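Use these hints to put chains H and Z onto chain W, whose structure you have.
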Amino acid sequence: MSVNASDLPVAVDAEGYLKDLDDWTEAVAELIAVQENIDLTEEHWQVIHLLREFYREFGISPAMRILVKQVRIKLGTDKGSSIFLMKLFPGSPAKIASKIAGLPKPTNCL
Amino acid sequence: MSTTAKNILAVMRTGPYGNQTAKEALDAVLTAAAFELPLSLLFMDDGVFQLLPQQDTQGIGAKDLSATLPVLPMYDVERFYVEQSSLESRGINSAELILPVEVLDSEQVKVLFAESASILSF
Amino acid sequence: MILHTVNKSPHTSNCLQSCLRTLSDQDALLLIEDGVYAADNHYANQTEALGEEITLYVLKADVDARGLQNRLSSRFQVIDDAAFVDLCVQYPKTQSWY
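Chains as they are written, first to last, in the numbering used here: chain W, 183 to 292; chain H, 56 to 177; chain Z, 627 to 724.
Possibly wrong hints are sitting among the right ones.
To be verified - Cut-off 30 Å, straight-line C-alpha distance, at most; resulting in silico cross-link-like pairs (DSSO-like, lysine-lysine):
| no. | chain 1 | residue 1 | chain 2 | residue 2 |
| --- | --- | --- | --- | --- |
| 1 | Z | Lys686 | H | Lys118 |
| 2 | W | Lys269 | W | Lys287 |
| 3 | W | Lys277 | H | Lys78 |
| 4 | H | Lys165 | W | Lys251 |
| 5 | W | Lys201 | Z | Lys686 |
To be verified - Some chain H residues near chain W, calculated using beta-carbon distances under 7 Å:
| no. | residue |
| --- | --- |
| 6 | Leu85 |
| 7 | Ala89 |
| 8 | Lys118 |
| 9 | Ala122 |
| 10 | Thr123 |
| 11 | Val126 |
| 12 | Glu157 |
| 13 | Val158 |
To be verified - Chain Z is faced by these chain H residues, among others (derived, beta-carbon under 8 Å):
| no. | residue |
| --- | --- |
| 14 | Ala83 |
| 15 | Asp111 |
| 16 | Thr112 |
| 17 | Ile115 |
Quick caveat, the hints were computed from the structure, so don't treat them as lab data. Quick caveat, the model's predicted, so the values are computed rather than measured. Glycine included, C-beta positions come from ideal geometry on N, C-alpha and C.
With the rest of the complex left out, here is chain W:
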């Protein structure tokens, strides 16, 4: 199955991030994940919910280094590694996971 940005029921920017964060639902997350060729598992959802919680508290998406640290604190040392996150969200985990979580691109990703 392939999904294009135009197939999403919500507005996204040129890079595929939601224009209105309130548009996010788990169904929207599933669709964005398909675009990224990712099948969401329970482990993906744990990271997605952690990111959304982080955003609610601080108003930003964390940089990779901080995401790794947060995952380690919240989900345990076995998951709190770059390798684990690279497997879940190949390429650029902080950016891709934020996109699926319906959040802005990490402020500090150049």
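Below, chains H and Z alone, put in the same frame as chain W:
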């Protein structure tokens, strides 16, 4: 006051919402911190207003910077300084601020400037 | 009858001072944006010294954004955006200090 070699000092001198400077300063600080550069922050003049509690920006449609500033310790930015006379002239007590700050008098600020390897002025 | 608005912090700009020098009886002063820092009860000596015939307002959204809700001089009336519009209509002229 302790500063390490190569330390970068970001000087925050504007209020949080009158223009974009405070937001851009915070973005720059977060970016530098994401690359693990050693940073400290000095709030002086109207910059100390960034640290007041109870900011609620819904009515002006701006992002609440006081929600984001407390993320800095997670980015290993942990040294926050405020200039004493800036607090005094605005009637602000350092204990009420949203970050744990060290209050410096003007002489100590001179030392901070002197000891910092580089300065980002906002 | 003139509505004066000031949108700069009194700590970093002379807008408020220029306004206070030229404010007449029957005028009103409205603080907006960073101008609201002048309504902080620690700073409001000068505005509190103004005659009662000069009405002082401060815009709620800007007060709330800056966390000044509990720091305001009682001399100021806190108004919302709709009341701001009403003032602009009510006063035939507006001088914006910015």
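Checked hints:
About 17 Å separates the Cα atoms of Lys686(Z) and Lys118(H), which keeps this hinted pair within 30 Å; it holds. Our distance criterion of 30 Å between C-alpha atoms is met by Lys269(W) and Lys287(W), whose separation comes to about 19 Å. A distance of roughly 21 Å separates the Cα atoms of Lys277(W) and Lys78(H); the hinted pair therefore holds under the 30 Å criterion. For a cut-off of 30 Å, the pair hint linking Lys165(H) to Lys251(W) is broken: about 35 Å separates their Cα positions.
This hinted pair checks out: Lys201(W) and Lys686(Z) have alpha carbons roughly 28 Å apart, not beyond 30 Å. Among the interface hints, the one on Leu85(H) holds; its C-beta lies about 5 Å from the nearest C-beta in chain W, closer than the 7 Å criterion. With a least beta-carbon distance of about 4 Å to chain W, the hint placing Ala89(H) at the interface is held under the 7 Å criterion. The criterion of a C-beta within 7 Å of any C-beta in chain W is met by Lys118(H), whose closest approach is roughly 6 Å, and the hint holds.
Taking 7 Å as the C-beta cut-off, the interface hint given for Ala122(H) holds, the closest approach to chain W being about 5 Å. The closest approach between the C-beta of Thr123(H) and any C-beta of chain W is roughly 5 Å, which is under the 7 Å cut-off, so the hint is satisfied. A distance limit of 7 Å between C-beta atoms decides the matter here; for Val126(H) the minimum to chain W is near 4 Å, and the interface restraint holds. Annotation: Glu157(H) was flagged as interfacial toward chain W, and the flag is violated, the nearest CB pair being 23 Å apart, outside 7 Å.
Given the 7 Å rule on beta carbons, the hint for Val158(H) is violated: about 25 Å separates it from the nearest Cβ of chain W. Given the 8 Å rule on beta carbons, the hint for Ala83(H) is violated: about 21 Å separates it from the nearest Cβ of chain Z. Of the supplied interface hints, the one on Asp111(H) holds, with its beta-carbon coming within about 4 Å of a beta-carbon of chain Z, less than 8 Å. The closest approach between the C-beta of Thr112(H) and any C-beta of chain Z is roughly 4 Å, which is under the 8 Å cut-off, so the hint is satisfied.
Here the hint on Ile115(H) is kept, as its CB sits about 5 Å from the closest CB of chain Z, short of 8 Å.
In the structure shown, a violation is registered for the earlier hints numbered 4, 12, 13, 14, in ascending order.
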